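Novice: For reference, the chains in residue letters:
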Amino acid sequence: MINDFNYLRPGTLKEALAMYEEHDDCKVICGGQSLLIVMRQGMIAPENLLDIKRIKELDYIKFDKKEGLRIGATTTHRSIEKSDVVKKNYPVLVSMENKLASIQVRNWGTIGGNIAHADPAGDPAPVLIALKANIKVGSAKGDRTMPLEDFFVDYFETVLTKGELVLEIQVPPPEPKTGAAYQKFNLLESDMGVVAAAASVTLDGNGKCKDARIVLGNAGATPRRVKRAEELLVGKALKESLFAEAGKIASEDCEPVADIHASEEHRRHLLGVLTKRMLKQAWEQAKA
Amino acid sequence: MEKILLQLNVNGQGYELYINPKTLLVEAIRDHIGLTGTKRGCDTVSCGACTVMIDGMSVKSCSVLAAQAEGTRITTIEGLEDNGKLAPIQKAFIDHGAYQCGFCAPGMIMSAQALLNENPDPTEWEIREGIEGNICRCTGYNSIVRAINATAKGKYTEDRS
Chain A
9 MINDFNYLRP
19 GTLKEALAMY
29 EEHDDCKVIC
39 GGQSLLIVMR
49 QGMIAPENLL
59 DIKRIKELDY
69 IKFDKKEGLR
79 IGATTTHRSI
89 EKSDVVKKNY
99 PVLVSMENKL
109 ASIQVRNWGT
119 IGGNIAHADP
129 AGDPAPVLIA
139 LKANIKVGSA
149 KGDRTMPLED
159 FFVDYFETVL
169 TKGELVLEIQ
179 VPPPEPKTGA
189 AYQKFNLLES
199 DMGVVAAAAS
209 VTLDGNGKCK
219 DARIVLGNAG
229 ATPRRVKRAE
239 ELLVGKALKE
249 SLFAEAGKIA
259 SEDCEPVADI
269 HASEEHRRHL
279 LGVLTKRMLK
289 QAWEQAKA
Chain B
29 MEKILLQLNV
39 NGQGYELYIN
49 PKTLLVEAIR
59 DHIGLTGTKR
69 GCDTVSCGAC
79 TVMIDGMSVK
89 SCSVLAAQAE
99 GTRITTIEGL
109 EDNGKLAPIQ
119 KAFIDHGAYQ
129 CGFCAPGMIM
139 SAQALLNENP
149 DPTEWEIREG
159 IEGNICRCTG
169 YNSIVRAINA
179 TAKGKYTEDR
189 S
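Protein sequences, first through last, are from chains A and B.
If you're matching positions, the first sequence starts at 9 in our numbering and goes up one per residue.
If you're matching positions, the second sequence starts at 29 in our numbering and goes up one per residue.
Simulated from the structure, these hints should not be mistaken for laboratory data.
Check each hint, because a few of them may be wrong.
Claimed, not checked - Mimicking DSBU-like on lysine-lysine, the simulated pairs with C-alpha atoms at most 35 Å apart in a straight line are:
| no. | chain 1 | residue 1 | chain 2 | residue 2 |
| --- | --- | --- | --- | --- |
| 1 | B | K50 | A | K90 |
| 2 | B | K181 | A | K95 |
| 3 | B | K183 | A | K235 |
What the hints assert, rightly or not - If you want the ones that stay clear, here's a sample from chain B, every Cβ over 10 Å from chain A, calculated:
| no. | residue |
| --- | --- |
| 4 | L63 |
| 5 | Y127 |
| 6 | E152 |
Unchecked claim - Here's a subset of chain B near chain A, in silico, CB distances under 7 Å, partners left out:
| no. | residue |
| --- | --- |
| 7 | T79 |
| 8 | S91 |
| 9 | Q96 |
All values reported here derive from a predicted model rather than from experimental measurement.
Ideal Cβ placement from N, Cα and C applies to all residues, glycine included.
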C-alpha cells in the first residue's frame, strides 16, 4: 500500500531544485519504475514526492566528437535505445538498453532515475563506468561532476546530499581501437541480471592493450571495477589465456550475496565466465 | 495529503478527476473512470496485464501515477474499436484463438498495437521481443504471435467486422 504523500510537481528545473531544497523527507520520482514498487512494498514512505518527469530541460541526448555524449537525467531508456547517434558511437549502450527490463519500462523509465536508484543489479551503471562516464549532479546551491564509479556508496545509496538531483550523464568521445561489451546472466530476458559484467579494451598502435576496464554488476553493494584484472591486461599483447586469468581474478575480487536466484559461489563462477567472454568480445571489436 | 484536480484524456475523451495524488493510472482508469478492460495483475511492473498507451507508447499503468499522465493522450483497449467495430488486431486475436482465459489479452493487444504502430512489418523475432513485457499464464504465446503476424501481413486491414 502506497502511503499518502504531498505531491510536488515543478514545471522547471529551477523550481524543482527550490522545492527539493525546501522540503524535508522528500523523494524524487521520474519514471517511477523502481520507486513505486518499493513504495508499494512499504519500504519507503516519504512525506513529499517531487515529480520531475515533465521537466523537459533534462530530456536530451547530445553528441559532439570532441565533447562526447551527454544524456539528460529524464531521458527515457527507450530514447537512448533508439538514438542513431548513440547506436553509431556507443553501440554497447544500445545493446544494454535493449535488454533492460521490458519495452513498457523503457518507454517510461529514465536513465537518471535508474542511476539514482542505485540498485547494484542495474544495467546502465557497469556499462557507463566501463565507458569512463561522469555524472553531473546539482542542487539550488550549484553543480558538481564526478566519475560515475564514485557516485555509488552502498546498496541503494549514493553520494547525493539533501536537495541534490542527478542532472546529466557524460560519456567521453569514443577512442580509436576500442571495443566494449556487456552481458548479464538471467533466466528470463526481461529480468534483472543475476550478475553482469562489462568490459572495455583499447589497443595501442602495436596492438597491445593500452587500457582496459572491467566492471561487475550485482557483485556487491555497488557496481565495482576489477582493478587487479585491469592491471594484468594493460601493456600486454592480449590473448585468451589472459582473459581466463582476468576472469579468475574477477570471481575473487567481488562480494556477491546469495539469494533465491543464485548462491554466492554460483555468482562468483558466473562473474568469472562473463568477464572472460566480455573481454574477448571487447578485444575482437577493438582489433576490427 | 491534499487531493489534486486532474484532467485526463482517455480514448479521446476528457475526464476531470479529484483524487489522492498516490492514485495509480490503472486505478484512475478502472475505479474512477470505469473502463475495466485494462487489467490489474501483478502490480509490480512484471506481468503487463495493465499495459495502456501514453502518446502511442506502451506503458504499464500500475507503475505510473495518474497525475503523471495529465496532458498526454491515453489509449486503453476500449479505445481500439471504432464505432463498435473491432480493430484488426482484436479480430486477429479472436480468429487465431489468442485468447484463452483472456486476462492478459488487453495488455497483450496494447503491446502488439504499439509494436505495429512503430514497426508495421515486424519479423517473428521482433514480434516476440515486442511482447516481452507481457506474460500469458495460459502460455498461449504461439497463437498470440500468429495473430500479430497475420495483422502485420495485412490480413485484417479491410476487415473490421
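Novice: Now look at each hint and say whether the structure bears it out.
Specialist: Evaluated hints:
1. K50/B - K90/A: The given pair, whose Cα atoms are some 31 Å apart, holds under the 35 Å limit.
2. K181/B - K95/A: holds, 29 Å
3. K183/B - K235/A: violated, 57 Å
4. L63: Non-interface label stands for L63/B: nearest chain A Cβ at 18 Å, farther than 10 Å.
5. Y127: Holds, because the least Cβ-Cβ distance between Y127/B and chain A comes to about 21 Å, which exceeds 10 Å.
6. E152: Given a closest Cβ separation of 15 Å, the condition holds.
7. T79: Since chain A brings a Cβ to about 6 Å from T79/B, closer than 7 Å, the hint holds.
8. S91: Where the cut-off is 7 Å and the nearest Cβ of chain A is about 5 Å from S91/B, the hint holds.
9. Q96: Given a least distance of 5 Å, the restraint on Q96/B holds.
Of the numbered hints stated above, the single one contradicted by the structure is hint 3.
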